[in-house]
Amino acid sequence: MNENVIIVDADFVDKVAFDLTVNFERMLERQIPRADMARWAECLALDGGLRAGEHQTTMILVHDHNVEEMKNFHPGHYVEELDGQAFKSSIGEFVFCPTSGETFVSKDDLFLDTLRTVMEQKEVERIMVVPDDRLYNNVREILRKADDETKRVTVFAMQPMPGGPFQQEILGYSLMAALGIRGEEIEGIKN
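In this text, residue positions in the sequence shown follow our numbering: the first is 1, and each later residue adds one.
Hints were generated in silico from the structure; no laboratory data involved.
Careful, some of the hints might be misleading.
Claimed, not checked - Only pairs whose alpha carbons sit at most 30 angstroms apart, straight line, appear in this in silico BS3-like list of lysine-lysine:
id, residue 1, residue 2
1, LYS122, LYS71
2, LYS122, LYS145
3, LYS88, LYS145
4, LYS151, LYS88
5, LYS88, LYS15
Please read all numbers here as calculations on a predicted model, not as lab measurements.
Turn these sequences into a full structure, and let the hints steer you where they fit.
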């Protein structure tokens, strides 16, 4: 297990990326490309406190076993484009690890079990969690019960949520960056 782990409910994030795309295409009156997966991983890591260096980060993409790809991301196909693939940037190496709950375990249970397992790993120093909004309370309870005070945990949501023993960041900012939506474009809308 790497020192940094990002755990993502990939189906939820894909839906949020779709919603952002539809809304911003209408507001900006231009086509929004699919989200750049590498750019998004970097933005999450930066928002989670990672800085330049030779860090190792695993990005676990938990998805429903019937879903083959994130349709609003590039690359997005779990088996053909993401499984075991990696890239390097100024903040280190990122490795993608898609996983699905086969028919005998639900995606939600797999997501929560993955979080519990990662929390127990001594070598993991930083955890970034992107849960479906429905699972937020479950995630908060797992993090409250964790006995490791040394880990830095950041939970991403679309809006501020009731707190816990972790940092919070707004998911939309990293997704907007990955979708190529610039701040000055949004400023132009307000005027």
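Hints versus structure:
Only pairs whose Cα atoms come within 30 angstroms are accepted, and LYS122 paired with LYS71 is rejected, the gap being roughly 35 angstroms. For the given pair, LYS122 sits about 16 angstroms from LYS145 by alpha-carbon distance, which is consistent with the 30 angstroms threshold. Restraint check for LYS88 and LYS145: not satisfied, since their Cα atoms lie roughly 34 angstroms apart, outside the 30 angstroms limit. For the given pair, LYS151 sits about 23 angstroms from LYS88 by alpha-carbon distance, which is consistent with the 30 angstroms threshold.
With a C-alpha separation of about 27 angstroms, the suggested pair LYS88 and LYS15 falls inside the 30 angstroms cut-off, and the hint holds.
Violated hints, listed in ascending order, are 1 and 3; each of the other numbered hints is respected by the structure.
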